[in-house]
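Those protein sequences? They're chains A and B, same order as listed.
Read left to right, the first sequence gives residues 838 to 1178 (my numbering).
Read left to right, the second sequence gives residues 390 to 921 (my numbering).
Please note: incorrect hints may appear among the correct ones.
As the list claims (entries may be wrong) - To give an idea of the chain B side of the interface with chain A (calculated C-beta under 10 Å), a few residues:
| no. | residue |
| --- | --- |
| 1 | R599 |
| 2 | F724 |
| 3 | W753 |
| 4 | D803 |
| 5 | D804 |
What the hints assert, rightly or not - With a straight-line Cα cutoff of 25 Å, these simulated SDA-like cross-link-like pairs (lysine to any residue) come out:
| no. | chain 1 | residue 1 | chain 2 | residue 2 |
| --- | --- | --- | --- | --- |
| 6 | A | K842 | B | A649 |
| 7 | A | K842 | B | L712 |
| 8 | A | K842 | B | V654 |
Rather than coming from a laboratory, the hints here were simulated on the basis of the structure.
We treat Cβ as the ideally placed atom computed from N, Cα and C, and that holds for glycine.
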Amino acid sequence: MSRRKLIVSVFAGAALFVAAFVGVVIATSGSGSDKLVIYSARSHYGEEQPFRDFAKRTGQDLLLRGGDASELFERLETEGDQTPADLLITVDAANLWHAKDAGLQPVHSMVLDRDIPPDLRDPDDEWFGLTIRARTIMRSTERVGPNEVTTYEGLGDPRWKGRLCLRSGTSEYNVSFVADRIAKDGRVATERMLRRWKANDPKIYGSDTDVLEAIADGDCDVGLTNHYYLARELEEDPHFPVALVWADQKGRGTHVNLSGLGVVKGSDRAADAAALIEFLTTPAQQRVFAENNHEYPVGKGARPSTIAARFGHFKRDPIDVERAGAHLADALKLMQEVGWD
Amino acid sequence: MRRADGWTWLTICCALLVAAPLVGLPLSFVAAPGGLAEFSGFVPDALGATAILLVGVGSGTLVLGTGLALLVSFCDFPGRGWVEWALVLPLAMPGYVFTLFALGRDVPGIRSALGAVCIFTLVLYPYVYLLARAAFLAQSRTLLEAARGLGLSRRAAIVRVGLPLARPAILGGVALALMEALADFGTVNLLGVRTFTDAIYRVWFNAFDRDAAMQLATLLVSVTLTLLLLERLARGRARYHQHAATGDVVPPVRLSGLSAVGALVVPIALVGVVVVAPLAQLAAWSVESIREGLLSPEFASAARNSVLLAAMSAVLVPMVAVLLAYGVRAGGSRFAAGAARTATIGYGLPGSVVAVAVIVPLGWLDHRMNAAVGTGLLLTGTVIGLFYAYLVRFLALAWGAVETGLMRIPRQLDDAARGLGADRLDVLARVHLPLMRTGLATAALLVFVEVMKELPATLLLRPLGGDTLAIAVWQATSESLFETAALPAFLIVLVGLLPVAAMIRLSGRRGAELEAAQTAGAWAEEYEVTAI
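Chain B extracted, bound-state conformation (with noise of 0.2 Å):
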């Protein structure tokens, strides 16, 4: 190993310091021994939810989001560069939003597990969809002819090749949709499915017992990371899709007569279903609530404050991501890579659970910083302590694409580089920055929705009239007030669309688009590593 340097040390305090709210939540157990056996009742109730949630909303994104990426890569019909960037749509629907009109139009069955993986398959599955997508697309023509030439049919030879070549990148895609069902508040809580965020939820803020909400959320962490292991065991050392990345693209199948129609209605009905019902309802209420005058009149202070936050948290949470990537590269310390990758698991916990672990300290620190030099509540009573929420919760999205973009920059090129005289900041300058600006883009677009998307974190740790959109679609709902909470709701909807919109621009060039595809692919695998 070599010897540590300053990049390497700053990487490290850096990733301890995202990193230590959620080590320090087993904490819990210490201070009060014998919170979680009062409520042991709610345990077997919440791993009963979460288990049924995770079977169904697993295999329901894996079979549609499958099922969809073999449609759009293996066949051709008309309308197909449509069907292919809508089915990413959902992507920009907030669960708790497509709740909410499902709520609204009373749809029979709602409230209950099984709606909730039906909500969640819906909302989610682009997730599968777009790994999947982008592994079929990496896929070469030769080793698919290579099968049919010995003697299988082309479906048998996309079945017992071309899926199990995209393995990895199915369980991956899978895998983080399930982290996000896992790490959701608003649907469930809106649904009433027990799940262990609905048990924090109700002992922490029902029961005023925050010891023993620290402690579901420990055993909420180590469900979550047994989820990943299996994940990775099942997956083994498997990464031989890259390999099989070469050669020419498989060329698809035209469809026609009534196979094309159905290519065509089906996930145009699907996006029908969960992006454009919704938006369209939302906008008849959005235009109902302004004229009967139901405007929260703080409506527009939470328009700024979201913008504001996102924003903010779009540049400051991929510029940490740069720091631990760049000094994980530079410095080659196991540690520091470790370190790195712990600090990026807040993206597997529910944001209740992020701010239960972010306010206790910050409210201690303050607290001991006030006596000594009078700064009154500096981080928990001004957005500070909300951005360190955001970052300690998103930092593995702005993480996975700046790693990514980063790890196709070959060594060799550092190496080149400092032989020809160039320091390690002309390496970054003049190497590294031109070739990672779309993978920083992506961060920053990432963060930017999720952070216009957040709820429990923002809720619990905002400052003073720190009012977000999503406070207002949670507050007004809650009431079921539905109309008051359209317009918010449409507004996160609407901005949620930018980076599909922009990734579907990137798409415009043929390379580009397969750039993007292998990015997220690569990213969706680095994920993995990381969340271990």
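Pulled out of the complex, with its shape left as it was, chain A reads as follows (with noise of 0.2 Å):
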């Protein structure tokens, strides 16, 4: 190669390097500005479809950023008020109360708190329930009978000792579960009945749907997961060998958690994204959701699922969120030393 044609070759390179980069830059940079711009947390499959209708109704362009709620709260955190997101979307009741810390503003609107119960949004109104997830006990039909254990405590009865399935302690539903506890009945008697659990040898999986399959298999015979998890195994097979126990009915009732929603503090669009929060609340709406995933929705008028409708009624014990959030730590650090891995 001659000097010069290195010298041409090199520039040219270069100046088709830089073209490239900003084509990429651009390409990829769906830019937010004059979009709504949502950060979900919720896996979005087969859940596009209420933010199309709103978008064709309201003549709106959405963007739907998904991932890890707190990866997009640690993303909300760096962006700070050049944030391009309007609104956030948590499946969990925890990651609400981190947002409202860190930058959710107050929406009022007389139809949300109309239509969801005051124990299902912020005393602020920052955030506001979108769905609700029971986390309750999971029995084999085959070889555990409907009374056998009734409370999240009877988990820990020797009896279930080689027969109790978990999730990982890395699931944010089980962190959650136990903030909870420990805000409610301290950390002491929390930490009682984890030990006991422990004490049953679980075996743990990395899914809810692991575990429910694994009482289906009859590798173990009960466990903990959300309900929707086995409404979905029971779609594909109305036959699967596992039911489903509402935990605590003597007592606070059914640990649920939140998926909820909030208008980002940064958010150039603040009435379009409380519009958005109204419409998603609505009972049409609603019934979207809980026809897609067999979640209970929030809003009064809306009937769950077939499938979670067979369920029954159950008297819920709703997430102290505020409380709870405060006890994250506290959680993690236990679940830690009584080695729930």
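Join the two chains, each given in its own frame, into one complex according to the hints.
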């Protein structure tokens, strides 16, 4: 290669590279400025329809950015007042508390106040529940009778030794469950319960679905999962040999977590974002969420899916978002100490 | 020391820019002195799991990789040519994809430290295999024949002369495999093994304590550095394989009967389990997911983003590597060389740590720049931040390949060219670039494939609408939607096969193969130096 040729090709290459770089930056950076940007922790497979409907109805462009709730939250914190996000959707109440801490703004809406029960929204109206997810006891229909275990404490009974399945302790549902127990029962009682669970040598799985399938396969007999995972299994196979037990019905009620949403403080389209919240909590849209993933609607007047309805009515013990959120680190440490991997 | 010139300064600045986020990690101890104390319970577990991984994966890859390399280097059997290259294929299988396959198949006991050790051993042994094989091929028959002449059996000669000669290359391969294992996030997270990466993730994402997470990351960095230092000490000043690398290649022994069948069947079965079976399963799931319309609607844009990011990085990262390597060579400054080496430690770190280290200063910078000139989130809001993270994380790969290429060009050649009236630019254009072509291509391919697979940094730093295939896989698997995850995973593995295929093509000529082998050996060796 001659010197001249080198210089020419270096410059041509550099120009090409810079052009390509700018191109890639632009192509991969869906600009959020002209769109309503939603940071959503719900894995939105099959859940786009309500958003599309809203876009169509209002003539706005919507942009969904998926991700782990805590990752999205981390992102929001870094972006600060420059964030492109307008709305944040989480699958876990503890994350809502943290989001509020770092930057949601209140939404004053008569409609939301009317439609969403007070225990399922923030006292300061900064976040609202979208759907309810109950975390409760699962049993094998073949090997465990309906009344053999009825409380979370009961999973620590020695009769379940070697017969208990749990999801990994990294799951945010488990961390929130433990944080909520610490907030309500205190650390000592919670530790006692977890240690008794642990004494039963629980088998640990990576997901709620794996826990259910382990029970179905006979690898264990009882477990703890969110209710809609069982609904998904029953949708595939109506004879799936696992049944749900509503835990603690004689006590505080079954632990429920919230998938919720709120308007981001840095949002420059707060009114549009609030309108989207109102839209998503109307009975018709609640019905779409309920049908798609079998979660319970928060909105008054919306029915759960047929399968979820078959699980029957239950008394719920809503997560105390404020207090549970403050105990997240304690929950994590406690689970580490008792060895819930 | 010569007076530092422009090149040298450019090199130093560039190296510091890449090294800065990692060097800044310990600052987290100043920012929140009590952070780690609160989560001190995580450290013993992380150390324990990390020790199990190090010992297990270390011995596993050592035995498997060296054994297979011995087999194909010193024995001949029908189909050896195929086996020799098929054994490299697992390199294309990302750990988390194989884990996804194993989980989907309900392999008993897989969710344990032992399961993680097995998976890492199966997907990482090619590092040891490649480097050991390269070293064996580079050994001269003279030495082995001398050993035979002194009364050793053939087997004893290989064990007592051949293996020790290959020790630096083998340990280099093990070190690469271990660093990959330490840096892994997807596999240990899916398997619930409490390594440092896992602890960092939990503290950061479950308890929202970023400072404590960065402090844990600092501990991990020191584990990695200790490991490299130990390896370096164990090897001492051993460089002898290069001196032994003259003369004829050792002629292999012809196997027959049962042993020939075994030599063919065992490696094929191994590759079958690690590559073919998961690929077949993924293909079946892919077809199913397409038929059932489970395909995520963002699939096409995810594939496009993956390719764009990977292709761009494959140009950008080697370019910086060339700049650094050339600056170090031309300037001859020790400080520049040290700075360049510091810039490559990112490879031994999990992507999540690199992500933490990158997003914090970039976010800070973004807000300052925005306040001053109103640029918005120029760095963290676009792929620029992501490219920066890739650079920090993968520079070592490109640097190794480029620097090795450059190292094999004797300085005398530069001097001769300069003596003949060429200036520095001429030397670069007419001497170095033609000689470095292979190294550059290798660097680009390695970076391309690694970026395709990269998960944690992409997860955190991707801009709006910037989902990639790796993210699609992760999101779907974390919801147990294995079938939805299949097609993107399948594509990632297929793309990963590219560099392997390229290497196989390169090997068409025996000479080229030997050269590639030696490059690989020298690369590992250089990497050692680099990492310290």
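Outcome of the hint check:
Checking R599(B) against chain A by beta carbon gives a least distance of about 7 Å; that is within 10 Å, so the hint holds. The criterion of a C-beta within 10 Å of any C-beta in chain A is not met by F724(B), whose closest approach is roughly 27 Å, and the hint is violated. With its C-beta approaching chain A no nearer than about 9 Å, W753(B) sits inside the 10 Å limit, and its interface hint holds. Checking D803(B) against chain A by beta carbon gives a least distance of about 16 Å; that is not within 10 Å, so the hint is violated.
Given the 10 Å rule on beta carbons, the hint for D804(B) is violated: about 18 Å separates it from the nearest Cβ of chain A. The straight-line distance between the Cα atoms of K842(A) and A649(B) is roughly 54 Å, outside the 25 Å bound, and the hint therefore fails. Taken as a hint, the K842(A) and L712(B) pair is honoured in the structure, with Cα atoms around 19 Å apart against an allowance of 25 Å. A distance of roughly 53 Å separates the Cα atoms of K842(A) and V654(B); the hinted pair therefore is violated under the 25 Å criterion.
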